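For the sequence shown, UniProt numbering gives the first residue as 1, with consecutive numbering after it.
Read the hints as simulated data drawn from the structure, not as lab findings.
These figures come from a predicted structure and were not determined experimentally.
Virtual Cβ for every residue (Gly too), placed ideally from N, Cα, C.
Just to be clear, a hint being listed does not mean it is correct.
[Said to hold, decoys possible] What follows is a list of derived Cβ distance ranges for each label pair:
#, residue 1, residue 2, range
1, Val61, Glu23, 15 to 21 Å
2, Leu63, Glu36, 15 to 21 Å
3, Thr42, Gly65, 17 to 23 Å
4, Pro85, Gly48, 17 to 23 Å
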Amino acid sequence: MSILVQNEGGTPVVHAYILIQTEVGKAAAVAAEIAEIQGVTTAEDVTGPYDVIVKAEADNVDLLGQLVVARIQNVDGITRTLTCPVVHL
1 MSILVQNEGG
11 TPVVHAYILI
21 QTEVGKAAAV
31 AAEIAEIQGV
41 TTAEDVTGPY
51 DVIVKAEADN
61 VDLLGQLVVA
71 RIQNVDGITR
81 TLTCPVVHL
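Kindly generate the complete structure, drawing on both the sequences and the hints.
In structure tokens form, the structure reads like this:
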């Protein structure tokens, strides 16, 4: 099992989905702000138990963690995140 894949340039990268719960009425604004963060490839507001689903990538697991903790979790309106790294079995 591996969580690293190679990008087009052959460099290994880690991909993850980040499930986000927001304050009521903040999902669209949170998704729009997160979409502008470097390393985020997609940010969509959705319905269900989570309000926003983000796809992100980083060069390694440590940088992915920094992206989530230092950048994404600091967006105003977020109440909880759940990071799900993509694995390749």
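List in ascending order the numbers of the hints, as given earlier, that are violated by the structure.
1
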